[in-house]
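Guided by the hints, dock chain V onto chain F, whose structure is given.
Protein chains in written order, with my numbering: chain F, 1 to 452; chain V, 1 to 313.
Hints were generated in silico from the structure; no laboratory data involved. If you're wondering where the values come from, they're calculated on a predicted model, not measured in any experiment. Backbone N, C-alpha and C define an ideal beta-carbon position, used for all residues, glycine too.
Short, incomplete list of chain V residues facing chain F, as computed with Cβ under 10 Å: (1) R57; (2) R77; (3) L83; (4) A149; (5) D164; (6) S169; (7) D170; (8) M253; (9) G257; (10) Q261; (11) F273; (12) K276.
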Amino acid sequence: MDNDTKPTEANLINRRELLRSTAVASAALVTAGASSAAAAPSRRGAPAILRRQGGKLVVAMQNADQQAAQPLIDEYAEANGIEIEVQGFPFEGLLERLTINLTQATGAYDVVSMDDPWMPQFAGGEFLMNLEELGYERDPDFVPELLALGDFPPGSGLRGIPWVGNVQVFAWRTDVLEELGLEVPQTWDDVLNAAAAITEAKKSEDLYGFGLRGVAGNPAATSFLPILRGHGGDLFDDNNDPKEPTLDTPEAQEALRKHLELAKLAPPGVENVQHADMGTNMYSGRIAMAADIWPDLLLQIWDPDISQVVGKVAIGPEPAQTGAESKNMTGNWLLGIPEGSQNPEQALDFIVWLTAPEQQKRLLLDNNIPATRTSVLTDQEAVEKLPFLPGLLEAARKAVPRPRTPHYNAAEAIYGRYIAEAIAGQTSPEDALTNANKEIRDLMVREGVLED
Amino acid sequence: MAIRIRAQEAARVRPVSARAPWWERNLAWLLVAPAIAMFALFAIYPTASALLFSLSRARLIRGSLERTYIGLDNFRRAFEDPLVRQSAAFTIKWSLSVTAMEVLLGLLIALLVSQLARGRGLITSLLIIPIIMPPVSVAVAWRFMYDPAFGIFNYLLNLVGLGDVYWLSDPDVATYALMAVDVWQTTPFVFLLLYAGLISLPRDPYEAAAIDGASPWFTFRTVTLPLLKPVLLVVILLRVIDSARIFDKILVMTRGGPGSQNYSMTYTIYQEFIPKFDFGYTAALSFLFQLSLVIVATIYVRRVMADYSAPAE
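Chain V on its own, in the form it takes in the complex:
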């Protein structure tokens, strides 16, 4: 209520006199101009530039970039390219799988940690370590651990009498081995957000549930999950978008292999740029990828998060 009164009062601003200096009459525009300029420079210009490139065949010539307008040829080529279809399918599979695993694991750890009487700070600090590590360092370390000859995993398997696993080269295993690295590094991020959400939930519903004799599972299903849902939905959105951009781990650990099995969209775009330097096609692929993410995020926000996106009265 207090907020609404303040807003109404703020709205009753004295109108600016017609004799006021120009900058005072255009004060609102002047104040938002830096933000608009930054947005135009760093968001609109690159996107517009990518769109222009995507409609061209561009090649580096002496001292400049030669561009020839070719209409929608690059987009047509993208839709006909089997590698693009394969990479898109891989990216969807990757994004949904790692998000599901990270959210489930993150939620489980958050629930466990929130039940602890002591040591929450220590566990939280330890769990932050993977998030801090650069993805390339993580990928290098895991590549060594996965090494068939001297990696720790095969060493442990051999200790218990099991044979070697070719973690990064066996087509049946490699994708899951890569996913495991991403899940290891990113689950703590999910945990942190969900844990913050959990400890800020109101206690009253839990006390009521306890008085009514509700089981822990019933309490989780009917109290915790509904109250935590807004945070969960945001976490899922963040992870779906972020995981779809997977690149560094794939580059360092398998370079998209075995074969091209683990080519993500970003890795395919990278391969089109270096060493092919196909600016136009790369721009078209980037534009399509960006557009896909925007569409997914918009649909998600409008449909799935609709109940939570309106500001509270």
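In isolation and in its complexed conformation, chain F is listed as follows:
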């Protein structure tokens, strides 16, 4: 036992030897670390040279878009002898990645796919390259309202090319309206009356008059905005130069009151309905009308393999109260080149190729990506397969983006939560809008847009 614990000369020598060895090992590690550090720039530099030679593109996009576009991306990579690494993220993950990488110009990505409400932040902050300065020429075949989404501030040059032509539309079951002798609703009062009649008549068959999303944040906000706009209201005083929030107006109050009435006419469980559920509810024949239908859902509704309502659904402009303007909302995805990209010429070539008419048509017909070009939306073969395309084009021509401010996402998170709380009965509609308006105003003050 003594030998185990008592320090002896032998133990001390061993300890010294051990420490010497440790010191040598540490020195080796430090040296290795220093060598790695010294080698790091040259390792980073080598791929950069390769990239300039057209060696590799790194692309960031949403998971769902990646899965759809991957066959075409592979085809481009093979034809051009380059490597394309596509990194797919969920919606919020992509926003986080892009916000950090674009603002910090990390050069991590050569091509990025962005939701159009993000453009004021990324294009407005000039975190994206001006594609026209890189040699891009505007193509009049793009739906003008959609192409304009990439030009922010307007007139400053294109920093994004739309490649996923998402436009929110109003959809209704023609057979149900016809059976019940109802006209196609033009105003939100019409929608409410028709929804009440349908729910009353068809609830026993598990068919409800209206569908909307009630999950806090983007889902609830996106379902409410067309109703708000259809009452002559909006989130901010000026959609192109938003400053003062306008959720405490009588128009907004009336819109929310109607929104909550419609929520009561929706299938039970509206509080937990998200985007995919809207599609399921529509194509399974559970809802007869919805104002929050997007092209990816239309493609499902027209898919005979899954849909029970093929040929029974029509789409059109969002309803609007008398005196208010009908406004469909855009939710396009645009491709841009971040500042710091090592390979902008190749990146632009890739974007031009992917948004060309041939690829847009293939993306639409084979991969369920809605087009952004007039020629594709009016293409005879495409229209025969997807008869909703003319309606989608009409909606696109009336499309209005969400308020063009870098702070829209934050504002949406605020009012989207309050709308969800009102739907869940957690707060009164008056308090929901008053509080949302106050919080958004506080946000704009903090961000220096408004004075206290």
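Chain V in isolation, oriented as in the chain F frame:
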């Protein structure tokens, strides 16, 4: 006794000579330096950084992060924010409820399994499965099971003639439906710890109780519970802290809904960061949350576990 003698002998280390090399004179510091460095890097630095951020308004600008010192504004805002108060109340309710249910169920299962003559290994192996599963996979699976239209629960309810329940959207049900998932996944963890504690208890007190003719309930109350108390207290502490950090199940299953009813503190912090990217306010909320947990854990260890925290002589 033997341990004490060894410690005393170890303490009689030959003093290091003043002529010894510097590294031998500072050997103790050199040996603990890596641990201190790691602690500083991964604990002190992030906490200090969060504190600095929480005193600033920070925004991403081209190529850097612009920070403006604003004092305690973020903390003031946090204390005035009704959503923060609501989330804190939810987190306390959640943490206490799921911990109570998990400990009660875990203890019950541990007692039952410890009484089995055969099959203990098999049952223990089966019960480990929920712990192994990633929380997100569990949440996705339960979301499907809770689905009002095609979920198994409503199917079973309909079989016995009961109507549909809107598990994740009915404000009266959703919180409990979420809790059930957490209890399902984490009770086996509690069971494992308590079961390990149970089977390592000394047998003598039980034999004495049996000779005295004590009933099973009396034996449980006066023998098992007091002997198991140190393990129970540790399990409760672990579960209170861990359950307060609930995030993944809420995100996947309801995104905090219905409304904002199920916003936990971590979910609220997440919502402030994405999509708002409010670094300063997020840091302040994170700091307050972390501080609250440290305070709760410290009080618990000092007050509740005081009798068990001193090393045995």
